[in-house]
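Asker: Using the sequences and the hints given, assemble the complete structure.
For the sequence shown, our numbering puts the final residue at 374, and the numbers step up evenly by one.
Simulated from the structure, these hints should not be mistaken for lab results. Heads up, some of the hints might be wrong.
[Unchecked claim] Below, a list of computed lysine-lysine pairs in the BS3-like style, where the Cα atoms sit at most 30 Å apart:
| hint | residue 1 | residue 2 |
| --- | --- | --- |
| 1 | 99 | 113 |
| 2 | 113 | 157 |
| 3 | 68 | 214 |
| 4 | 113 | 144 |
| 5 | 68 | 99 |
| 6 | 214 | 122 |
| 7 | 144 | 214 |
| 8 | 144 | 122 |
| 9 | 68 | 157 |
| 10 | 221 | 144 |
| 11 | 157 | 122 |
| 12 | 157 | 221 |
| 13 | 214 | 99 |
| 14 | 221 | 99 |
| 15 | 144 | 157 |
[As the list claims (entries may be wrong)] For each label pair, taking beta carbons as the anchor points, the in silico distance ranges come out as:
| hint | residue 1 | residue 2 | range |
| --- | --- | --- | --- |
| 16 | 184 | 234 | 23 to 33 Å |
| 17 | 214 | 280 | 35 to 45 Å |
| 18 | 228 | 76 | 17 to 27 Å |
| 19 | 88 | 284 | 37 to 47 Å |
| 20 | 116 | 95 | 18 to 28 Å |
| 21 | 267 | 95 | 31 to 41 Å |
| 22 | 95 | 71 | 16 to 26 Å |
| 23 | 284 | 114 | 43 to 53 Å |
| 24 | 104 | 200 | 42 to 52 Å |
| 25 | 214 | 99 | 41 to 51 Å |
| 26 | 265 | 234 | 49 to 59 Å |
| 27 | 95 | 310 | 37 to 47 Å |
| 28 | 86 | 267 | 28 to 38 Å |
| 29 | 102 | 209 | 20 to 30 Å |
It should be emphasised that the depicted structure is a prediction, and the values quoted were computed from it without experimental measurement. Yeah, the Cβ is synthetic: ideal placement off N, Cα and C, and Gly gets one too.
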Amino acid sequence: MSQSTQQRLYDFAKMALINIFAHPYATVCDLYCGDADADKWVDAQIGHYIGIDAPSSGIEQMREAWEIHRKSYTAEFFELDPCTKNTETHLEEKTNVADVVCCLQHLQLCFETEEKARKLLHNVSSLLKPGGYFLGITPDSSTIWAKYQRNVEAYHNKSSSMKPNIVPNCIRTENYMITFEVEEEKFPLFGKKYQLKFANDVSAETHCLVHFPSFIRLAREAGLEYVEIQNLTEFYDDNRAQLAGLLTHYVPNLLDPRGRLLPRSYDALGLYTTFIFQKPDPEIAPPIATPLLPDVSYNLDEVTIRPDDEIINGHAVEPAIGLGKISEQKGILGPGPADLRFPEAL
Numbered sequence: 029m030s031q032s033t034q035q036r037l038y039d040f041a042k043m044a045l046i047n048i049f050a051h052p053y054a055t056v057c058d059l060y061c062g063d064a065d066a067d068k069w070v071d072a073q074i075g076h077y078i079g080i081d082a083p084s085s086g087i088e089q090m091r092e093a094w095e096i097h098r099k100s101y102t103a104e105f106f107e108l109d110p111c112t113k114n115t116e117t118h119l120e121e122k123t124n125v126a127d128v129v130c131c132l133q134h135l136q137l138c139f140e141t142e143e144k145a146r147k148l149l150h151n152v153s154s155l156l157k158p159g160g161y162f163l164g165i166t167p168d169s170s171t172i173w174a175k176y177q178r179n180v181e182a183y184h185n186k187s188s189s190m191k192p193n194i195v196p197n198c199i200r201t202e203n204y205m206i207t208f209e210v211e212e213e214k215f216p217l218f219g220k221k222y223q224l225k226f227a228n229d230v231s232a233e234t235h236c237l238v239h240f241p242s243f244i245r246l247a248r249e250a251g252l253e254y255v256e257i258q259n260l261t262e263f264y265d266d267n268r269a270q271l272a273g274l275l276t277h278y279v280p281n282l283l284d285p286r287g288r289l290l291p292r293s294y295d296a297l298g299l300y301t302t303f304i305f306q307k308p309d310p311e312i313a314p315p316i317a318t319p320l321l322p323d324v325s326y327n328l329d330e331v332t333i334r335p336d337d338e339i340i341n342g343h344a345v346e347p348a349i350g351l352g353k354i355s356e357q358k359g360i361l362g363p364g365p366a367d368l369r370f371p372e373a374l
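Answerer: Okay, structure coming up:
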């Protein structure tokens, strides 16, 4: 899988979310926008665009490109890192102004520490209007961790013929290779770093696993209610009628004639997940029910996620209304789509 194909997959997911959630005359806030293509918002006919990214991220070039081409919407750009700086302090007039806040890349970097993740979500809540949505894309840590654990389990089954106390730290598929920086069998809530390298790429990208229960917990603390965290394969299947043409446009040869994903497509799409949260508007409707995570201490350094777990840290997880058990939802607590797991270690 070439880098260009990887970027096309990202572009497909971005456009799918934009097509579903952006609406004419909306105000959109794009976090970590420096590498983004502002053209993707034109067809959505948004009214105003707010681009935010860290200094030296490429945001200045994005600003210059917008000024040269003058899109159909107004725009403004701000240089600050939304996971370390407070937008209420630096963007005093931008509180409760956005219909949509998106983080279409780099969310995983904010999970280096709990402080960074909490700051990001606080800023998102501050920027959003009541009733507005926070959405984006990130590598699916449930799928990644399930594949990694499969290797670990196979290692233990064959440990008599291997060196003791050495846990395999690599996942390899025909499309990509993931290498964890630290060999361990636990999934820390924050700071679990790995290198992601796609076939034919010269260098690897550094990411952090996103611990989805912590993501939901911190979002709720910031005033954002959980809507959905869904592996990209399921996101496509649930919206196939609207997205088949879009996926074919960005990444040809992933679908059969009926628009269904081909078996070889799952490894590529299954690496990613979409996430959607909403800032409730009590004047319009009751808030969307957020799964009630166990009220436990989150000062723990690490937790273990097992494929069939329905209990976290000794506490049963309450199902959300109309959403079924969290552990049955791919890409939230469990191991991601079952058909993405390897039958044996690589």
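Asker: Hint by hint, say whether it matches the structure.
Answerer: Now the hints, each set against the structure:
| no. | hint | verdict |
| --- | --- | --- |
| 1 | 99 with 113 | holds, 28 Å |
| 2 | 113 with 157 | holds, 20 Å |
| 3 | 68 with 214 | violated, 39 Å |
| 4 | 113 with 144 | holds, 9 Å |
| 5 | 68 with 99 | holds, 11 Å |
| 6 | 214 with 122 | violated, 40 Å |
| 7 | 144 with 214 | holds, 21 Å |
| 8 | 144 with 122 | holds, 20 Å |
| 9 | 68 with 157 | holds, 22 Å |
| 10 | 221 with 144 | holds, 15 Å |
| 11 | 157 with 122 | holds, 10 Å |
| 12 | 157 with 221 | violated, 33 Å |
| 13 | 214 with 99 | violated, 48 Å |
| 14 | 221 with 99 | violated, 38 Å |
| 15 | 144 with 157 | holds, 22 Å |
| 16 | 184 with 234: 23 to 33 Å | holds, 28 Å |
| 17 | 214 with 280: 35 to 45 Å | holds, 40 Å |
| 18 | 228 with 76: 17 to 27 Å | violated, 39 Å |
| 19 | 88 with 284: 37 to 47 Å | holds, 44 Å |
| 20 | 116 with 95: 18 to 28 Å | holds, 27 Å |
| 21 | 267 with 95: 31 to 41 Å | holds, 35 Å |
| 22 | 95 with 71: 16 to 26 Å | holds, 21 Å |
| 23 | 284 with 114: 43 to 53 Å | holds, 49 Å |
| 24 | 104 with 200: 42 to 52 Å | holds, 44 Å |
| 25 | 214 with 99: 41 to 51 Å | holds, 47 Å |
| 26 | 265 with 234: 49 to 59 Å | violated, 31 Å |
| 27 | 95 with 310: 37 to 47 Å | holds, 40 Å |
| 28 | 86 with 267: 28 to 38 Å | holds, 30 Å |
| 29 | 102 with 209: 20 to 30 Å | violated, 43 Å |
Hint check: violations occur at hints 3, 6, 12, 13, 14, 18, 26 and 29; the rest are consistent with the structure.
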